[in-house]
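Peer 1: Could you put together the complete structure from these sequences and hints?
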Amino acid sequence: MVRKKMLLFQLLSAFLIMVSVLMSIVVVKMQDAQRGQALIVQQAEEFYKDKLYMRAINTYQEAVRSYTTPNNPTIERGILQIYKEAGKTEEYYELIKDRIEERKAEEDEYMALSQLYVDEGNIKRAIETLQIGMKQYESAPMKALYEEIRYDTDLVSTNVETVKCPQDQWYIPYADGSLWGYMDSDANMILTPQYEEALPFTGNYAVVKIKGVYTLIDRIGDWYAIDKIGIEEVTGASNSYIVGKKNGKYGIYTNTFQAVTNLDYDDAVLSSNGLCFVKQNGLWGVINCNGESVLDFAYDDVVRNSRNEAFASGYAVVKDASGYFIIDEEGKPLGEFHYADAKGMEGGLLAVADKNGKWGFTDGVSETVIKYQYEDAHSFSDSIAAVKKGGEWGYISKDGKVVIEVNYEDAMPFYKGESLVKNMGLYEILTLRYYEYF
1 MVRKKMLLFQ LLSAFLIMVS VLMSIVVVKM QDAQRGQALI VQQAEEFYKD KLYMRAINTY
61 QEAVRSYTTP NNPTIERGIL QIYKEAGKTE EYYELIKDRI EERKAEEDEY MALSQLYVDE
121 GNIKRAIETL QIGMKQYESA PMKALYEEIR YDTDLVSTNV ETVKCPQDQW YIPYADGSLW
181 GYMDSDANMI LTPQYEEALP FTGNYAVVKI KGVYTLIDRI GDWYAIDKIG IEEVTGASNS
241 YIVGKKNGKY GIYTNTFQAV TNLDYDDAVL SSNGLCFVKQ NGLWGVINCN GESVLDFAYD
301 DVVRNSRNEA FASGYAVVKD ASGYFIIDEE GKPLGEFHYA DAKGMEGGLL AVADKNGKWG
361 FTDGVSETVI KYQYEDAHSF SDSIAAVKKG GEWGYISKDG KVVIEVNYED AMPFYKGESL
421 VKNMGLYEIL TLRYYEYF
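Numbering follows my numbering, with no gaps: position 17 of the sequence shown is 17.
Simulated from the structure, these hints should not be mistaken for laboratory data. Fair warning: this is a prediction, and the values are worked out from it, not measured in the lab. Each hint can be trusted.
Here are the in silico distance ranges between beta carbons for each label pair:
#1 F438 / E120: 13 to 21 Å
#2 V402 / G87: 32 to 40 Å
#3 E62 / Q131: 32 to 40 Å
#4 T254 / E336: 36 to 44 Å
#5 G248 / Y315: 27 to 35 Å
#6 L179 / L155: 23 to 31 Å
#7 Q34 / E147: 37 to 45 Å
#8 G274 / G400: 29 to 37 Å
#9 N188 / Q131: 28 to 36 Å
#10 E336 / M189: 44 to 52 Å
The calculated lysine-lysine pairs, modelled on DSSO-like cross-linking and capped at a C-alpha distance of 30 Å, are:
#11 K416 / K209
#12 K51 / K84
#13 K398 / K143
#14 K143 / K358
#15 K211 / K164
#16 K97 / K124
#17 K135 / K84
#18 K143 / K388
#19 K319 / K398
#20 K332 / K279
#21 K143 / K416
#22 K279 / K355
#23 K398 / K388
#24 K104 / K49
#25 K401 / K416
#26 K401 / K371
#27 K135 / K371
#28 K279 / K246
#29 K211 / K249
#30 K124 / K416
#31 K143 / K84
#32 K398 / K416
#33 K319 / K279
#34 K143 / K97
#35 K97 / K49
#36 K398 / K371
Even for Gly, the Cβ is constructed at its ideal location relative to N, Cα and C.
Peer 2: Given below as structure tokens:
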């Protein structure tokens with residue numbers, strides 16, 4: 001036993017000696033490398049002092065190629081600076097690209113290359129570069145440039161005073177005096193004002209009223225179906241269904257004016273997910289488009305969004321005796337909080353109000369993620385929300401920062417990168433210029 005312990009001790013001692021020798025060799029080699037590299041760097045510095053830029057760069061590159069030391073990153077940064085000072089912009093940016101690919105680039109390099117792409121109009125590459133950089137650095141300048149791109153807008157003016165928010169297609173219903181027509185997001189007239197009423201297009205069709213009769217039209221204005229059952233009012237449309245009022249009661253109909261069920265309600269709200277809130281005896285419940293019950297009649301109110309729908313991205317806003325709150329498609333509350341008032345779901349953070357009438361935003365889990373501070377607000381969509389402050393409307397991002405100036409008389413939620421705002425009594429079409437990249 002003693003012999004085994006002695007043998008083990010001798011082996012361990014020999015191993016430690018070998019490790020020590022190897023480490024000594026590595027240290028000596030590293031010191032030799034640093035000395036050799038330092039000599040080359042010294043020569044490069046002399047070239048640089050004399051403004052012999054290309055000779056300096058070539059010599060610095062030799063120092064990096066010949067030796068791998070802790071000084072290599074500093075030397076590479078020096079090469080970058082010389083390219084910039086010498087006006088070698090192509091080489092400067094190519095080196096930055098290489099350093100980004102190798103995950104060696106520093107914050108200012110990401111900014112420099114991103115700004116180059118912006119200046120060249122290559123926005124997609126700018127966004128990609130910023131996204132990579134922001135994963136490595138908590139960078140306020142990078143975030144600021146990213147948001148500047150994200151919320152850059154184009155504005156198209158119209159001569160229209162009255163509009164409705166479009167749905168899945170940007171055919172905008174607008175009124176010209178007493179008649180309604182449609183225009184596109186460039187304010188080009190698509191269908192001349194000729195209708196007494198006009199609902200937004202859903203898919204390829206829209207319900208209009210002409211000569212006192214509701215009619216289904218296609219995108220060029222051709223008639224596809226006509227009401228023959230005497231619907232008094234159409235209050236909503238989604239996909240292939242409409243909410244129609246007949247004999248003072250609301251029902252669910254196809255957009256070709258055929259009754260889905262024989263059930264009548266006090267009110268009804270469609271949604272593009274195929275679910276419909278219906279009201280009976282003062283309470284709201286949910287049915288599907290076949291008229292089958294989905295959620296019991298248990299809600300005092302349901303909130304419509306800007307597209308006259310209740311559900312958006314799988315959630316709706318309802319009210320009970322405790323106030324307004326968010327539910328999913330199965331009726332499960334998203335959180336425990338209730339609010340004095342709320343706007344409809346648009347697909348992002350929900351606009352909610354406190355008992356003093358101030359508006360903020362919630363994700364449904366926390367009471368608020370943007371505190372109560374606005375005179376009015378719409379829920380978030382496209383990562384942006386319309387808010388009213390000082391009597392005027394503008395838009396904020398999810399961190400509460402104003403990204404489109406507060407100077408409009410009215411503002412609607414964004415939908416698929418576009419929105420409607422009002423200025424000097426007329427509506428304008430606001431477009432997020434680079435929406436497709438986000």
